[in-house]
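Chemist: Residue numbers (the numbering used here), protein chains in the order written: chain A, 1 to 426; chain B, 1 to 469.
Listed below are several chain B residues computed to face chain A (Cβ distance under 8 Å; list not exhaustive):
{"#": "1", "residue": "M72"}
{"#": "2", "residue": "A78"}
{"#": "3", "residue": "H86"}
{"#": "4", "residue": "A87"}
{"#": "5", "residue": "G88"}
{"#": "6", "residue": "I89"}
{"#": "7", "residue": "N91"}
{"#": "8", "residue": "D93"}
{"#": "9", "residue": "A94"}
{"#": "10", "residue": "T96"}
{"#": "11", "residue": "E97"}
In silico lysine to aspartate or glutamate, EDC-like type, Cα no more than 20 Å apart, as pairs:
{"#": "12", "chain 1": "A", "residue 1": "K301", "chain 2": "A", "residue 2": "E187"}
{"#": "13", "chain 1": "A", "residue 1": "K105", "chain 2": "A", "residue 2": "E274"}
{"#": "14", "chain 1": "A", "residue 1": "K242", "chain 2": "B", "residue 2": "D93"}
{"#": "15", "chain 1": "A", "residue 1": "K301", "chain 2": "B", "residue 2": "E84"}
{"#": "16", "chain 1": "A", "residue 1": "K301", "chain 2": "B", "residue 2": "E67"}
{"#": "17", "chain 1": "A", "residue 1": "K44", "chain 2": "A", "residue 2": "D217"}
{"#": "18", "chain 1": "A", "residue 1": "K315", "chain 2": "A", "residue 2": "D290"}
{"#": "19", "chain 1": "A", "residue 1": "K315", "chain 2": "A", "residue 2": "E348"}
{"#": "20", "chain 1": "A", "residue 1": "K315", "chain 2": "A", "residue 2": "E326"}
Read the hints as simulated data drawn from the structure, not as lab findings. Every residue, glycine too, gets a C-beta built ideally from N, C-alpha and C.
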Amino acid sequence: MNQNARRVAVLGGSRIPFARQNGPYAKASNQDMLTATLDALVSKFDLEGEALGEVAAGAVLKHSRDFNLTREAVLGSRLAPETPAYDVQQACATGLEATIAVANKIALNQIECGIAGGVDTTSDAPLALNEDLRNILLDLSRSKSTAARARAVSRLRPQQIVPEVPRNAEPRTGLSMGDHTAIMATEWGIGRVEQDELALASHLKLAAAYDSGWLDDQVVPYLGLTRDQNLRPDSSLEKLAKLRPVFGGEDGTMTAGNSTPLSDGASAVLLASEEWAQAHGIPVQAFITDAQTAAVDYVHKREGLLMAPAYAMPKMLARNGLTLQEFDFYEIHEAFAAQVLCTLKAWEDPVYCRERLGLDEPLGAIDRERLNVHGGSIGAGHPFGATGGRIVATLAKELSERESGHGVISVCAAGGLGVTAIMEAA
Amino acid sequence: MADRYQQLISTPIGQLVSKQIGLPNPARLERFRPGQPVVSGPVALGAAAGSRLGRGLASVLAAAQAEVLTPMDEELRAAAADAELHAGIWNPDAATEQQRFKALVFDATGIKASGQLIEAWAFLHPTIRRVLGSGRVIVLGTPPEDCESPDEAIAQRALEGLVRAVGKELRRGATAQLLYVRPGAEDALESTVRFFLSPRSAFVSGQVIRIGPAPAPDAAIDWAVPLTGKIALVTGAARGIGAAIAEVLARDGAHVVGLDVPAMSAELTAGMGSIGGSVLTADITDAQAPAEIAGYLLEHHGGADVVVHNAGVTRDKTLGRMTENLWSTVIDINLIAPQRINRELFERDAVRANGRIVGVSSISGIAGNAGQTNYSTSKAGVIGIVQEWAPRLAERAVTINAVAPGFIETQMTAAMPVVVREAGRRMNSLAQGGLPVDVAETIAWFASPASGGVTGNVVRVCGQSLIGA
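Just chain A, with the same shape it has in the complex (with noise of 0.2 Å):
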């Protein structure tokens, strides 16, 4: 084993824009979006029929007939037939979850490049044989006699034909992860405005980054969308206001417009090592410093579901002997506006930092001038397994453009678990 990791580059990244549930996309697959992304960034890094070290890439919401997503995608797209692939699935955190994958056989000189991504439906969705039916038909194949088979067959009913469909709920307390972060926002204090404001100024800023032409490099027409459907340059904390409680109760908090909405849609990034990246003559972007992944105990110790990502952040800052105010750039995953201020208050609060991370001192409040500047997942959308490459993309870019410094990425996941990384200007 090679005990010396070298550094990582991120190159730059693609993705299609994010469509919401049943819009443009509804037809596309999650393998038609996946390998539209890798043929872009093909186009983009001139990879046509290159050997890649591998494609990590997946997505939470799958049939079961894509086992092999991510090489059936590669096997479709310009890259050569000889690149490596494999899924990875963590639900919200797939997409950065894969490029630490990819980064760290690079920095263990497994590899020399990769591409890292991920991609999501809503819409074509990974309908399944309602329950009762699926074992009638399985007892039914493994019945060995006439009779046996006529046994299974007489418990058919028509109510089985309706179908197993995928639920937005965690499996240990049914709760769904809207109702679970209203939790959250109730036991932070967080108020309706201050999520509103933060909702608004996601979309605000995406639409900037749109007008600005920021984001031509990266986002790449598909089937008719060029930018990203659910964006409201036009929104208002006045039409905010007005939308109705979805979680929470009445007098919740959290409505479809400060929370992300289901939406379709794919991401990629390239990364290499230095050496691979100077001899195809492409510009590194940014490095890859470090990352952490932390979960917690949302079923038995009351955690809230999404805190998970306020624990993984004071290991990996230990160990790199950073502050939380040292960065020039907070990419934070927006699932919920709550959830973010919830991630906030829990780093500024010195009962959560001495009790829960086990901190002398909290972590202390960032500047949030500098927090997802080009926007984040509440404009964009969040196709679940997009989110993380959307993310690394615009953070590299964000880093290759001011020359230094050093971001952060922040990323809450189902089943309480978080992902947290550092990059730094190249």
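Starting from the structure of chain A, add chain B where the hints point.
Modeler: Then chain B, alone, in the frame of chain A:
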């Protein structure tokens, strides 16, 4: 427990009628039962910027295992973290309608000028209507006489008006107090904050308490029986309030020496028997009584830790009709006897270090009462005893305080004419009379080994009576 009016008014028809014509609607007050938590619901803890009691309050609340919420205030949260208080977040802008509080605790010591009083408003405004029945509002300030600037002293003095008005606005048996905490007394809060948070202080409201620095108690306190190992002398212990005092002190772990006149010997013996106390019969106006009492305490117990001067009588007549005998009887028993006993006990060192002297004054002693010139004089004199002796006894680490009961349901008040009795009962913020146990609980707080910083106080147990306010 409830008087007849209370029973009547709590029926559906009574409720309807009382609402329609605006009759007082007394709540059934929660009272302490052993084994209960200090506070049986969420506590909102707030502080003005730059306040100094956050750490102490957080420690007390953590030790009391209270469920606490605080605003997202960095200083206060840091204090809570230091005290290992698992405090949640309170943000009125994001709170659910259902959020209720059993207690509101506001540290106002950071208020240095009257403009900052708005911080008290900002904390109480969104919380006060969320206070549960028998809830508590506690505001803590700096005694004006200890403030560093005139502006600070004035603003701190203003808190009295706030708290007294809050006490009158609160409904459903909730109470409000102002605790003035001297600089240096930040760690001497526990017994007082526990008392005022808990149902023990059910009939005490609108009071201003001063807490000074205190030596840490010798041993860790078992809050279930804080008086364990203590000897408590209670005069007039045969019946009424005195019997309740003896019971509560015994419940809190003290060995009670009950004293009463020989004529009450049977009742006294029965009462002391039920609480494992000792019997001492004496006429406290007798010239030999102080020496006998001191001798008894020294001989049998090596001295006393707690002395409660509860014995008292009334002999009511307007001054023009009052005979010399009526005057002297009351003054001798209520005022002169406690002074003589105190002097004897102190001279013979019969009150041990960290001792507690408690007098029983009265609202009549504060406000004066027609037909009670003798009684009012004696009870005002009891306040004089407290004020005069508090600084002298401080050198011996002995505290002296008094309770001043308002309308307490006893045989004495049961004998009053109906109209006078009803007026006495209702004319306070809780719209009802107190019980002897309410006086006793207050005395037990003074008596606690953790109350070393509480001295020179006269605390009314009157439900914030309109009289003498």
